[in-house]
Every structure is written in structure tokens, then in C-alpha cells.
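Once you have looked at the hints, place chain D on chain V.
The lines below spell out each chain.
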Amino acid sequence: MTNQPQTSKYHPPRLAPAQIRLLERLCNACAISGDEGEVRKIVLEQVRGYLKTSGRPGDVKTDALGNVLVTLPGKSSGSVPRLRVMLDAHMDEVGFMITKDDGKGIFRFEIVGGIDLRQLPGKPVWIGEKHTPGAIGVKPIHLTRREETKKLIELDTLRIDAGPGSNSVKVGDRATFASTFIRLGPSLRGKALDNRLGVTTLIELIKTAPDNIDLLAAFTVQEEIGGRGARVAAYAFNPDLAIVIDSTPAYDLPTWDGSENAVYNCRLGAGPAIYLADSATLADPRLVRHLVDTAETLGIPYQIRQPGSGGTDAGAIHRQRAGIPSISVSVPGRYHHSFASISRLSDWKNTLGLLQATLVRLPGDLLSRDREQ
Amino acid sequence: MIDILPFLKKLVTAPGLSGHEAPVRKIIEEAWLPLTDELSVSRLGSLHGLRRGTASEPRQSVLLAAHMDAIGLMVAGTSDGFLRVTQVGGVDPRILPGQPVIVHGREDLPGLVVQPSPRLLPSKYQEDPVPTEYLLVDTGLLPSRVRRLVRLGDLVSFAQLPFETGSETLTGHTLDNRVSVAALTCCLQELQNRPHSWDVWAVATVQEEVTLGGAFTSAFQLKPTLAIAVDVTFASGPGSPEHQTYPLGEGPTLGWGPNIHPALSKAFQELAKRLEIPHVVEAIPEHSGTDVIALQVTTEGIPSMVIGIPLRYMHTPVEMVSMKDITRAGRLLAEFITSLDADFIKKLSWEEQPG
Chain V
2 MTNQPQTSKY HPPRLAPAQI RLLERLCNAC AISGDEGEVR KIVLEQVRGY
52 LKTSGRPGDV KTDALGNVLV TLPGKSSGSV PRLRVMLDAH MDEVGFMITK
102 DDGKGIFRFE IVGGIDLRQL PGKPVWIGEK HTPGAIGVKP IHLTRREETK
152 KLIELDTLRI DAGPGSNSVK VGDRATFAST FIRLGPSLRG KALDNRLGVT
202 TLIELIKTAP DNIDLLAAFT VQEEIGGRGA RVAAYAFNPD LAIVIDSTPA
252 YDLPTWDGSE NAVYNCRLGA GPAIYLADSA TLADPRLVRH LVDTAETLGI
302 PYQIRQPGSG GTDAGAIHRQ RAGIPSISVS VPGRYHHSFA SISRLSDWKN
352 TLGLLQATLV RLPGDLLSRD REQ
Chain D
65 MIDILPFLKK LVTAPGLSGH EAPVRKIIEE AWLPLTDELS VSRLGSLHGL
115 RRGTASEPRQ SVLLAAHMDA IGLMVAGTSD GFLRVTQVGG VDPRILPGQP
165 VIVHGREDLP GLVVQPSPRL LPSKYQEDPV PTEYLLVDTG LLPSRVRRLV
215 RLGDLVSFAQ LPFETGSETL TGHTLDNRVS VAALTCCLQE LQNRPHSWDV
265 WAVATVQEEV TLGGAFTSAF QLKPTLAIAV DVTFASGPGS PEHQTYPLGE
315 GPTLGWGPNI HPALSKAFQE LAKRLEIPHV VEAIPEHSGT DVIALQVTTE
365 GIPSMVIGIP LRYMHTPVEM VSMKDITRAG RLLAEFITSL DADFIKKLSW
415 EEQPG
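Chains as they are written, first to last, in our numbering: chain V, 2 to 374; chain D, 65 to 419.
Same shape as in the complex, but just chain V:
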């Protein structure tokens, strides 16, 4: 379901080269769930830098789990209390952990988060803080029987090979695909676009935060292994409502037999994907209506993500405390949790545009309206 712009009021926000470079830096950084330091450092640098140069009052802290929590109070306008709006983007990515040293630069590893085993063979990896290069090799095709090529290569037969004489890798190190960000015409390709697109968007939303709300930004940890960061961030913020910014899979590829693809989830180029329902959350209908109304009134392209499986930090947030009305919005991305994802620059711009407009237009009494209409 795609919406054509109805008016010409909306112009997508401009993303300067500096912002694309920031996305590139964030994508090339490694932040496997539980080890988000490299991304956290960039987030802190960006947010603190902004607060310092803008002189805007705000608070930045890193909590017990490693979440970065940013509070930007709005300005009072009369008697209506400002809504406390939590914006969430997870910093972590799927990857690997080194679990055993087999000697001579060869290591066993386990997967952190959900990665299809079929994505592993024959890939270069970066290991540890220094991004030490290594490789996940396989037996040569010449020594492999034809029947064998039809069988899955199990994880326990794979190793990360850092090369003989390597001495900088140790058990417990995290690793990820050695995959470098690149622009491809209208598209962006990089590892961890899920969810560095969300992180970059949230940094941008902080820099353009409107006065009508208290903005509570959470850059969270450990989303890929169960929304642990979001759970405690939502508790700490105790917000009125939450909007989660993530990247949802686009399965907009041809089907194997040429039949209509009715299970695309969302499509590249069709704008931000607004969630109604996934396995973890039913989006708050008032927030759905507000986002859709904002997009349609201003003519911002958007799409409804096909309801179905999957989950975001909203799964943890909406059940926190006495309940927090929540919704997720995603920049569509193909091939998440693999060597590289592909997203569209225009979708990123329109996601940022939709969220900026959503916050500015957020009615102070939204939550006192009927949940269902």
C-alpha cells in the first residue's frame, strides 16, 4: 500500500554529505549486541557536540546497560502539559562471538542475534576492537562431492581464520562481516543499516527537536537479542508515548516462479513503513492515525508494513510500567542480518521528514482521545 503525494506542501529534508558520512561511519563501526561501545562513542560525540554548539539545555547519560539516554525539554506554552515522547533507535547489530581458540589463528565462534547460516561461508570478517581481519572459509569445491553442495554447512564445522601468526584475537571478542558502506545510485549498501539508519535518524531528530514536547531519546543496546536496553530505558524515561525507529526487511524481490509477490513486507522506494502489528507489538491506534494523517495531509510518501512476524524495541517498551502507547516506523531495507543490506536514500529522507512532522504536529491531548474509533 503506497500513498501518492496529494499536495506539494512537503519537501523531503535535505541530507547533507556530512549526514551520509555519519551513516557511513556508523555502518562501518562494529556494535554486536552487548558490545555497542564503538557506536555509542559516535552517538555521544554527536549529541554532546550538538548540545554544546547549540547551547540548548539537555541531559545526556549512559545507563547501567549501556543505553545512551538524551533528554531535551520543550518550552511551556500555556496550560497544556507537554507530552513526554520517547524516541528509540537500537545501536546494536547481529554478529558473532569468538568462543574457542583452536590455535594458529583459527577460532570457533557462535552467532549473536539472528543470522541465516547460509550467509556465513566464504565471508571476510572483522574481529574485536581493532577490526582484525579474518575469514570464514570452506572446503574447496574440488574436494566436495556434488551431493554435499546441497547440504547446509553447519556452524560447528565453520571457523574464523585470522591467519597463522595472528595474535590480536581472543576468546570473547566480537566479530562481524567485513563489509564497507557504499552508495549505489539511489541506494545505500552497508552492514548494519539495521539499525544505523535509525540511529542517524534519531541523531537528526535531536538536532531538530521541536519545542512542543519533551523529547526523550534512547539509543538502546541488545535489541537483536531481546529488547533488553529498551526495557530499562522506557522504565527510566517513564514517557507518555514511544516511537521506535528501526529498519524492517523489504522482501520486494521477484518470486522464484514469477507469481505475484504478496508477501513483500514492505518495498524500497515507497517511503517509511508504519507498523500496525508484528509478533511483539500492536501499535497504538491513535499513533497510527496521527502518523498516517500527518503523511497524507502533508503529502509524505509512506507505506503500511504488512502486519505479520518480526519485532522491534516497541515490544519491550509498550509493556513497561503501566503501559506506554507505542508505534514503530522503519526505513525499509533488503537483506538485513547478512553481509550487507540495501536501502533507498529517499526512504531515509522521508522517514526523517515524517517523524519531524509527526512530532511538530503532535496534539497535546492525543492520549486523552478514544483509543479505538
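Since the hints were derived computationally from the structure, they do not count as laboratory data.
Note that CB positions come from ideal geometry on N, CA and C, so glycine has one too.
Hints should not be assumed to be uniformly reliable.
[Said to hold, decoys possible] Mimicking BS3-like on lysine-lysine, the simulated pairs with C-alpha atoms at most 25 Å apart in a straight line are:
1. D/LYS411 - D/LYS330
2. V/LYS152 - D/LYS188
3. D/LYS188 - V/LYS151
4. V/LYS208 - V/LYS10
5. V/LYS105 - D/LYS388
6. V/LYS105 - D/LYS73
7. D/LYS411 - D/LYS337
8. V/LYS53 - V/LYS208
9. V/LYS131 - D/LYS73
[Stated by the list, open to error] Ranges of calculated distance between the beta carbons of each label pair, as one might list FRET restraints:
10. V/LEU153 - D/ALA347: 41 to 49 Å
11. D/ASP144 - V/PRO364: 37 to 45 Å
12. D/ARG209 - V/LYS105: 45 to 53 Å
13. V/VAL172 - D/ARG258: 46 to 54 Å
14. D/ARG258 - V/THR150: 42 to 50 Å
15. D/ARG215 - V/THR150: 24 to 32 Å
16. D/GLU94 - V/ALA263: 21 to 29 Å
17. V/GLY227 - D/PRO70: 29 to 37 Å
18. D/PRO182 - V/LYS76: 48 to 56 Å
19. D/PRO259 - V/THR150: 44 to 52 Å
20. V/LYS105 - D/THR402: 30 to 38 Å
Only chain D this time, still in chain V's reference frame:
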């Protein structure tokens, strides 16, 4: 003096799929120009470099063959802006999902081999490896632009840049067989300061991965007295059977078996031992998977030899080689060449030797 590591990286980064070796040949030509007396290109595209010997004519000659072609993919169809591909050379389809590639269309386009979501595949591929025919290449471009830039038959190369690992290994695609081109280059460099009486034909052959077409035709055209194929061999490493592999970084392998003239192999083994160049004898019971298959049976037959450089994860984009093994192979070749004299060929007699 060519520094071998950066040269090898440059070789690996240049495209040159079987039958389309021109880009890599150009780089080899540049390197070999100052190291040879004559350079020419064969009808099929193999590069022939001649270093003349010091003996009077007619001189005997030794041909060194290292294939320069690479495995890869070819565009077999398009579908809504995505490409379908087929293989050029032997690739395990299980290494393809998620590989960065370059599509050599009307311009070079970065692409990614992708495995569509299980929901878009036949039900038997929910968890099993997906055959190449169901994989796609995504260039990130809009369908209209893909239609304009990409045609059926366009070549697709692996795009991962080579990278150094451990203390002295290089990892990347197409090290099979650019490492042997590097070894030949090492050999030619050594020969710069060493007189040799025989002519030396350094040949970068084409199409080894598909038909051995380069080795057959260059051996025919150059009619060498002896022929030596230099290629990669299986290095021991994770996933590979120990009994079919050779240690990485412990020297080149010296072939032994029916593709190889036994006296030639023995001459190499004795030389390596005398010079204390680390090496391993590689028993090849029936069939060497290298250019030597063609060299041996060209014209009335050529006494042939194969030297192997151990390589991990062959035919994947993360092949791993020890730089030491390359320079050792190059040095051994140079030492062998300088040891050749007018009488060497007599040693290759099949007659029973007295005593």
C-alpha cells in the same frame, strides 16, 4: 624491483574471467616488459614472455605456465531490475549469498549476490542451500537503469578487496591463480642477475578454469623442451581433509605422478633439498587439476612438471596464501632454470640407468 605483495593485490583486483583476461594481462605485461626480451599475445590471449638464454642456437627452452584467468559469474537473465547469474568455472553455490560483486555491464556496477527470503523460494529451500539459479544480483539501481546498462552474458567478478591476515598471509578472491603469476614474476626478477643458457618462456595462460585452452595452444606454438605448470594446491585448514592437503607456509609442493616426468620431479626435489628450500612432495595419483594436463600431451608430448602453492579455501572469495610460499616457488624456479645445461635433457631418459 617489483614488490610482490602490492603487485599481487593489484593482480587480484584486476578482472580477468576465463576467456576475458585482457584487464589482468595488461598488468602482467607492464610487470614483465622490463624482465623479458620479447612479449607477445597468443591467438587465444595468453601472454608469452621470452628471456633468451646464453647458449648458442638452436637453444633448448623451458616453458613456465601460470594461468591468469579467474572464476566468477555471468549474467543469465534479468527480472524486475535484479540479475540472474550462472557460473564461470567451479563455484560452490553455498558461498554465493552475500558476496559483493562487480557487474561488468556498459559500465562497471557494484552489486551484491543475494539469497531471496525463504518466503520467495520453493519450499524445499527454507533451510537448505539455495542453488545458483534462484539467487539474484542486486545493484541497488532502478530497473530502468539496469535494463539500459546490463545485458545477457555480461561478466560478474568477485569484488572483495584482498586483505592481509596473520603475520604473512594474504586473503582474497582469485589468488587462484594470480599467486602463480606472482611466483613467475619473482622468478623472472631473480633471473635478471643470473645467466641461464636455456630460453625461458614465461606464459600467463588463459581459460585454465574451463578448457585448459591456453596451455594447449601456447605449448603447441612455443614447442618447449620442458614445461612447468605453476598453480595453487590445497592447503590444510578448517573443513579440509588433512590427507588431501598440504601445510600453508611450509613451501611449495613438487608434483609426482603420471602427469609429471619422474626424472624432472626428482631433479626439482634434489635441487630444493640441496638449496634448503622448504617443500613438500605432492602425490598426484591420476590427474593434476592444472595446466600440466595439457602441457604434457601437446604435440609429440612434453616432459612436464607441476609446482603447487598451497592455498586455503580455494575457489572462494577468501582464499588464503602464504607470501613466503610464493617467493620460495619463484626462487626454486629460477634456481632450476639456471641449473639447466645442454645435457639436462639426457637426464630425462626412460632407459634404465646403470647402478
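Here is what the structure says about each hint:
no.	hint	result
1	D/LYS411 - D/LYS330	10 Å, holds
2	V/LYS152 - D/LYS188	12 Å, holds
3	D/LYS188 - V/LYS151	11 Å, holds
4	V/LYS208 - V/LYS10	22 Å, holds
5	V/LYS105 - D/LYS388	17 Å, holds
6	V/LYS105 - D/LYS73	24 Å, holds
7	D/LYS411 - D/LYS337	18 Å, holds
8	V/LYS53 - V/LYS208	11 Å, holds
9	V/LYS131 - D/LYS73	22 Å, holds
10	V/LEU153 - D/ALA347: 41 to 49 Å	33 Å, violated
11	D/ASP144 - V/PRO364: 37 to 45 Å	41 Å, holds
12	D/ARG209 - V/LYS105: 45 to 53 Å	47 Å, holds
13	V/VAL172 - D/ARG258: 46 to 54 Å	49 Å, holds
14	D/ARG258 - V/THR150: 42 to 50 Å	46 Å, holds
15	D/ARG215 - V/THR150: 24 to 32 Å	29 Å, holds
16	D/GLU94 - V/ALA263: 21 to 29 Å	55 Å, violated
17	V/GLY227 - D/PRO70: 29 to 37 Å	46 Å, violated
18	D/PRO182 - V/LYS76: 48 to 56 Å	50 Å, holds
19	D/PRO259 - V/THR150: 44 to 52 Å	50 Å, holds
20	V/LYS105 - D/THR402: 30 to 38 Å	35 Å, holds
Consistency with the previously given hints fails for numbers 10, 16, 17, ordered from lowest to highest.
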